[in-house]
Structures are given as C-alpha cells and as structure tokens.
Amino acid sequence: QSALTQPRSVSGSPGQSVTISCTGTSSDVGGYNYVSWYQQYPGEAPKLMIYHVSKRPSGVPDRFSGSKSGNTASLTISGLQAEDEADYYCCSYSGSYTVLFGGGTKLTVL
Amino acid sequence: QLQLQESGPGLVKPSETLSLTCTVSGGSISSSTYYWGWIRQPPGKGLEWIGSFYYSGTTYYNPSLKSRVTISGDTSKTQFSLKLSSVTAADTAVYYCARGSPTIKFGVVIIRPDLDSWGLGTLVTVSS
Chain X
1 QSALTQPRSV
11 SGSPGQSVTI
21 SCTGTSSDVG
31 GYNYVSWYQQ
41 YPGEAPKLMI
51 YHVSKRPSGV
61 PDRFSGSKSG
71 NTASLTISGL
81 QAEDEADYYC
91 CSYSGSYTVL
101 FGGGTKLTVL
Chain R
111 QLQLQESGPG
121 LVKPSETLSL
131 TCTVSGGSIS
141 SSTYYWGWIR
151 QPPGKGLEWI
161 GSFYYSGTTY
171 YNPSLKSRVT
181 ISGDTSKTQF
191 SLKLSSVTAA
201 DTAVYYCARG
211 SPTIKFGVVI
221 IRPDLDSWGL
231 GTLVTVSS
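Residue numbers (our numbering), protein chains in the order written: chain X, 1 to 110; chain R, 111 to 238.
Just so you know, the hints here were simulated from the structure itself, not pulled from any lab data.
Where hints are given, some of them may not hold.
Using C-beta positions, here's what the derived DEER-type ranges look like [stated by the list, open to error]:
hint, chain 1, residue 1, chain 2, residue 2, range
1, X, Q16, R, S177, 32 to 38 Å
2, X, A3, R, I220, 19 to 25 Å
3, X, S58, R, I220, 33 to 39 Å
Subject to a maximum C-alpha distance of 27 Å in a straight line, what follows is the list of computed DSSO-like cross-link-like pairs (lysine-lysine) [unchecked claim]:
hint, chain 1, residue 1, chain 2, residue 2
4, X, K68, R, K123
5, X, K106, R, K123
6, R, K155, X, K47
7, X, K68, X, K106
8, X, K55, R, K215
9, X, K47, R, K123
10, R, K215, X, K68
11, R, K155, R, K187
12, R, K176, X, K47
13, X, K106, X, K47
14, R, K215, R, K123
15, R, K187, R, K176
Positions of the beta carbon are idealized from the N, C-alpha and C atoms, including for glycine.
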C-alpha cells in the first residue's frame, strides 16, 4: 500500500481560496466515500476537519469543504485566514480493514 | 469530555519491544459505537496508521507493520495498548492514540478514517 498523494505545499493570500488534492486509487479514495481531512499545527495532535468526503464535525468553520471526483479527493478552504496556516492530511479507508494517510500538505498563508 | 493519554517509555533499544498504553477518561472502550486506534508520525514526516482495536476484541493492522504489531484493550481499566516488536531507528516517532467511528455493513466492521479525538502524543526514540 502506498500513501495517498498530496502536493507538498500550497499557498494563498488572506481572503482567497485554496484547494488541496488527495489522489489515490479505485481501491481506496475512489472505492469508498470514507475520506477524511485533518489539520495539524506544529507540535500538536491532528484535528478532524472533514469526514465522509464532505461532512464537517461540529465547530469546524464552513469555510472548509470537501469533495471527491473519481480517485481524487479535495479540501477547499475559502476566505483564507492566517490561522489556517498548518499541515493538512487526507485519509481514506482502503479496504481490507485498513486506513491510508496522505503525505501531507503544508499550507502557507502569504 | 473524552480525553486520551498516551504513556510509556520514551526510549527503546533497537531490537526490543516498544510498549505504549492509552488511558481513556470520559468514555468507554467497550462501546460498539467507536473503535480505538494508534497512529504515528516520525519527526518531520507524515502520519501513518498503525492499527485499531474494536470492543469485540477484533484488531486491524497496517499490513506493513502487521508482523510486529499487537493492539489490545483492557475494558476494566479503560485502556488499550500497543506493542511493536523488533524496533529499529525507523520506528522513532510521535505515537498517538485516537478514537474513531466504524460503520457496520452486512455484519462487516469498516474502519472509517474519522478519528475525532486524539491524545497529545508521546515521542518514542529508538536508540542504543
């Protein structure tokens, strides 16, 4: 099993929108609607931001949205804020009772 | 409010067994509503799922680690543990325990990647 593919870094200015992609295969991202996204600040534990491809846990701003097309899932952050600068990881169920993470994307707010 | 706390040695010698415990407060590991998992993160690198434990005693492991990993739960102590044998420097990482939500479809447990509560993490260094 290989990790899901994410861009190493993305950037955007305050107020703009950014999208982070997460590419897998038909055996994981494309095969199930069980994709999650995590936000992680340095030195802290990850925080669940999106689950079931596009659902937001309570307390997560609606600026964060998720989607999926084929074998690629995406996290879009609109109205970018300085506090959104963090690492973001996608995660997918991959069948056979296993879970795969993406390599992570560093978001820089310019 | 649910809290998870990892504990265990911060230093393990190569070829030995890494043992960690996650203590759950404010919740029960014997609930069918959740599963309990371990995730690790080498310094400066990404997250890696290690495996999960379901209240029925069923365990699910990362295939790349399966031969070395054992995850078990002690419902009386609301704790679950991780053992990783024959460690090398590549096993140096921050180890997190977390709670996730499964889906049961036609009697099959699907480990959804919805980890909604995490411990703070504990750094384990493998070195002689």
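Going down the list of hints, with the structure as the test:
1. Q16/X with S177/R: 32 to 38 Å: Given about 47 Å between the Cβ atoms, the range is violated.
2. A3/X with I220/R: 19 to 25 Å: holds (20 Å)
3. S58/X with I220/R: 33 to 39 Å: This hint is violated: roughly 22 Å between Cβ atoms.
4. K68/X with K123/R: Violated, at roughly 43 Å.
5. K106/X with K123/R: Measuring from Cα to Cα gives roughly 33 Å; hence the hint is violated.
6. K155/R with K47/X: Holds. K155/R to K47/X sits at ~17 Å (cutoff 27 Å).
7. K68/X with K106/X: Roughly 20 Å separates the two Cα atoms, so the pair holds.
8. K55/X with K215/R: holds (20 Å)
9. K47/X with K123/R: Cα-Cα ~31 Å, so violated.
10. K215/R with K68/X: Between K215/R and K68/X the Cα gap is close to 22 Å, so the pair holds against 27 Å.
11. K155/R with K187/R: violated (33 Å)
12. K176/R with K47/X: This hinted pair holds, its Cα atoms lying about 26 Å apart.
13. K106/X with K47/X: holds (15 Å)
14. K215/R with K123/R: violated (42 Å)
15. K187/R with K176/R: holds (25 Å)
Hint check: violations occur at hints 1, 3, 4, 5, 9, 11, 14; the rest are consistent with the structure.
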